[in-house]
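Enquirer: Next come the chains, spelled out residue by residue.
2 protein chains.
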Amino acid sequence: MTGLTGLARGLSAPNGFVVASQVAPPPDAIRLLSGIPAPEALPVDAIARASAALWQDPAAAVAALQYSPAPGSATLRNWIAEREGVDPGRIVVTNGGMHGLTLAVLTVVERGDTVAVDDPVFPGFRWALEVSTNRILPVPVLADGFDVDHLAGRLAAGDRIAAAYTVPDFHNPAQVSLSAAKRAALVGLAERYGFYLLVDDPYRELRFAGADQGVAVFHDSDRAIHVNSFTKTLGPGWRAGWMVLPEHLVDPVIRLRNRLDVHTSSVTQAIVERLAGEFDGVVHRARALYRERAAVLVGALHEHLPGAFEIHTPEGGLFLWARLADESADPAALFRRAVAAGVVYQPGEYFAAGPEQQSAARHLRFAYGDRTPDELREAVRRLAVAFR
Amino acid sequence: MTGLTGLARGLSAPNGFVVASQVAPPPDAIRLLSGIPAPEALPVDAIARASAALWQDPAAAVAALQYSPAPGSATLRNWIAEREGVDPGRIVVTNGGMHGLTLAVLTVVERGDTVAVDDPVFPGFRWALEVSTNRILPVPVLADGFDVDHLAGRLAAGDRIAAAYTVPDFHNPAQVSLSAAKRAALVGLAERYGFYLLVDDPYRELRFAGADQGVAVFHDSDRAIHVNSFTKTLGPGWRAGWMVLPEHLVDPVIRLRNRLDVHTSSVTQAIVERLAGEFDGVVHRARALYRERAAVLVGALHEHLPGAFEIHTPEGGLFLWARLADESADPAALFRRAVAAGVVYQPGEYFAAGPEQQSAARHLRFAYGDRTPDELREAVRRLAVAFR
Numbered sequence: 001m002t003g004l005t006g007l008a009r010g011l012s013a014p015n016g017f018v019v020a021s022q023v024a025p026p027p028d029a030i031r032l033l034s035g036i037p038a039p040e041a042l043p044v045d046a047i048a049r050a051s052a053a054l055w056q057d058p059a060a061a062v063a064a065l066q067y068s069p070a071p072g073s074a075t076l077r078n079w080i081a082e083r084e085g086v087d088p089g090r091i092v093v094t095n096g097g098m099h100g101l102t103l104a105v106l107t108v109v110e111r112g113d114t115v116a117v118d119d120p121v122f123p124g125f126r127w128a129l130e131v132s133t134n135r136i137l138p139v140p141v142l143a144d145g146f147d148v149d150h151l152a153g154r155l156a157a158g159d160r161i162a163a164a165y166t167v168p169d170f171h172n173p174a175q176v177s178l179s180a181a182k183r184a185a186l187v188g189l190a191e192r193y194g195f196y197l198l199v200d201d202p203y204r205e206l207r208f209a210g211a212d213q214g215v216a217v218f219h220d221s222d223r224a225i226h227v228n229s230f231t232k233t234l235g236p237g238w239r240a241g242w243m244v245l246p247e248h249l250v251d252p253v254i255r256l257r258n259r260l261d262v263h264t265s266s267v268t269q270a271i272v273e274r275l276a277g278e279f280d281g282v283v284h285r286a287r288a289l290y291r292e293r294a295a296v297l298v299g300a301l302h303e304h305l306p307g308a309f310e311i312h313t314p315e316g317g318l319f320l321w322a323r324l325a326d327e328s329a330d331p332a333a334l335f336r337r338a339v340a341a342g343v344v345y346q347p348g349e350y351f352a353a354g355p356e357q358q359s360a361a362r363h364l365r366f367a368y369g370d371r372t373p374d375e376l377r378e379a380v381r382r383l384a385v386a387f388r
Numbered sequence: 001m002t003g004l005t006g007l008a009r010g011l012s013a014p015n016g017f018v019v020a021s022q023v024a025p026p027p028d029a030i031r032l033l034s035g036i037p038a039p040e041a042l043p044v045d046a047i048a049r050a051s052a053a054l055w056q057d058p059a060a061a062v063a064a065l066q067y068s069p070a071p072g073s074a075t076l077r078n079w080i081a082e083r084e085g086v087d088p089g090r091i092v093v094t095n096g097g098m099h100g101l102t103l104a105v106l107t108v109v110e111r112g113d114t115v116a117v118d119d120p121v122f123p124g125f126r127w128a129l130e131v132s133t134n135r136i137l138p139v140p141v142l143a144d145g146f147d148v149d150h151l152a153g154r155l156a157a158g159d160r161i162a163a164a165y166t167v168p169d170f171h172n173p174a175q176v177s178l179s180a181a182k183r184a185a186l187v188g189l190a191e192r193y194g195f196y197l198l199v200d201d202p203y204r205e206l207r208f209a210g211a212d213q214g215v216a217v218f219h220d221s222d223r224a225i226h227v228n229s230f231t232k233t234l235g236p237g238w239r240a241g242w243m244v245l246p247e248h249l250v251d252p253v254i255r256l257r258n259r260l261d262v263h264t265s266s267v268t269q270a271i272v273e274r275l276a277g278e279f280d281g282v283v284h285r286a287r288a289l290y291r292e293r294a295a296v297l298v299g300a301l302h303e304h305l306p307g308a309f310e311i312h313t314p315e316g317g318l319f320l321w322a323r324l325a326d327e328s329a330d331p332a333a334l335f336r337r338a339v340a341a342g343v344v345y346q347p348g349e350y351f352a353a354g355p356e357q358q359s360a361a362r363h364l365r366f367a368y369g370d371r372t373p374d375e376l377r378e379a380v381r382r383l384a385v386a387f388r
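Those protein sequence lines, which keep their order, are chains A and B.
Position 269 of the first sequence, counting from 1, maps to 269 under UniProt numbering, and the rest follow consecutively.
Position 67 of the second sequence, counting from 1, maps to 67 under UniProt numbering, and the rest follow consecutively.
Chain A with its partners taken away, still in its complex shape (with noise of 0.2 Å):
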């Protein structure tokens, strides 16, 4: 590219695996394919009964429009506060989860430096780390999340990392929720050895089942940045989301925003806080909805695919990370036929951190969020189909 000089040079192009694999589905097939919530879950009657109230309040109309602080409005930052249990002054808006883990990368990471992060992880970290570096310490995830014990024995041996990057609830793709007692020894490395926590928790409000792990550890560390967005309860399109930040990083990070984009839209945050009353009942709705359709999609493959795969009912998020249960058989090929039969989901080597790591490709990640229960049945079926 022509004099291209910046930062943008070293960036790849971000796709999904089915684009990269030039894998065109039919137009009819049932797309199992990403976190994104269910169209009936978003409080759309709420939102306009909000939008129209600002609107119609000549005071609060013309402060929308206008600037306003980098970290965010005090309303909104005094409401995500309250549910995270901090001071609002750690608290910054964001535009959604991305802006808030490219934002953290952009304030810990140099070029260069080298960070861990969950294997098999969220591609979507990945790019956002390329702003800064390419050197990565795949940290296997188990049944019980990040492999804490790996790292610790990886940083004994004198590894050194800039940063740990994780999805402690509802793993994006694996599923699985980081126990408590493995919360804590993270922050115990990052406070020993002297680096920051990724903590990547888009998930956490939609727990459904299990028990709750808790984020007090994170927010009493001066080493965990916690990022957390509305796009799963209140919709991908706000672009809009939060940072729980240990106290000497929030001027270095409103800094960068006061560079990068000045502040979130004022119209957002003046929509988003008057939502606030309706949050609790948008999220228990949105939840009881994933509950039924990740037992739907679970009882299919039971019912129709029994012992073809490895799998626990999710307890919360928008994930059923299926493990091959035929060690011979050819994920690749089975993809093709469950193409060609109308349904799509993400091939778990899509996912993989690590070349080494062969566990992901043996894996299957169905996003269930967006299918309704019959669609989740029909696309069982078509899978069905794909493995005669």
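Be aware that one or more of the hints could be misleading.
Simulated DEER-style distance windows between Cβ atoms [claimed, not checked]:
no., chain 1, residue 1, chain 2, residue 2, range
1, A, Arg111, B, Ala288, 45 to 55 Å
2, A, Ala60, B, Gly299, 43 to 53 Å
3, B, Asp144, A, Asp159, 51 to 61 Å
4, A, Ala60, B, Asp374, 22 to 32 Å
5, A, Ala60, B, Ala288, 18 to 28 Å
6, A, Asp159, B, Ala156, 45 to 55 Å
7, B, Glu378, A, Ser12, 54 to 64 Å
8, A, Glu310, B, Glu110, 29 to 39 Å
Quick caveat, the hints were computed from the structure, so don't treat them as lab data.
Built from N, CA and C at the ideal position, the CB exists for glycine as well.
Given chain A, work out where chain B should sit, using these hints.
Expert: Just chain B now, with coordinates in the frame of chain A:
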């Protein structure tokens, strides 16, 4: 700052001069400080209608709450492209003008590169530039804009730059516009020496006198990045703007967006694109309002402070850049007296790009856009007190 190693490390705290100088204006001071639009010029009623239309259309509402294409919505890009006279594929929707500037810097300026900048310069660009470099080559701004001959001389003498930054229409702070002939000459230099033009054009729509000097010359070059925003017409609060990019830079900028914030809010874009039919009317009314305010300010200065300044009636934009006629006057003492008298403006020294360039310090920047005619007259009466 503990462990701060990333790009945020080198960023200064961006503060207005009034903050930096620790001057505390009295609460009832008239503030001629910022290039922000008048509340009366912002189309609240049209926005309320567009917003209601969006949320009452179920399909549109659901779409607005989901992810949308990184370059921007097709409808919005088409509308902007038609206004700019370029192919829609060259438009990238941004989160406002500063976002566009920083995306441009991250795309074409490497760490340590030198960038030519207006002198006096919009301080926000200096802050944006810090994400890549602190090395600048100040170029005087003359009565017909950026001194292209000065830059040509420096380049001929061996200086090399990655980019050159200027505000071509209604310069901030220097009020002037770049002549058509110098636009062409500047593009010629960029093409000859292989640097990029960062053309920052937020005031372009606000012309109320004089002849448009044209932007086609920028759009016809693969060396010009043309940055604009809806900040001065629909309000800063939206954080919505656009870039007109050379074709070869569209993909690199999108790759950055994929990381930095994915895309501009789908909700914002859905509302803004519904204002297309009203936009000409909004701009027409805004121009009339700012024409009146500029005339009131200039008239009051002639009436109450005859001969105190060298001034030219603005042809557009939001600033009057007034030069002190008395070469022995002390601008700092004048500023202190003005604050005490209850009027605040930006002293010119705040905009100086080079330490050796003393002209800026002989100026006062008056921002008249968001002050009523009565406030402007009273502000000048108070300024006259400060001159006594």
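Enquirer: For a quick check of understanding: which of the numbered hints are violated here, in increasing order?
Expert: 2, 8
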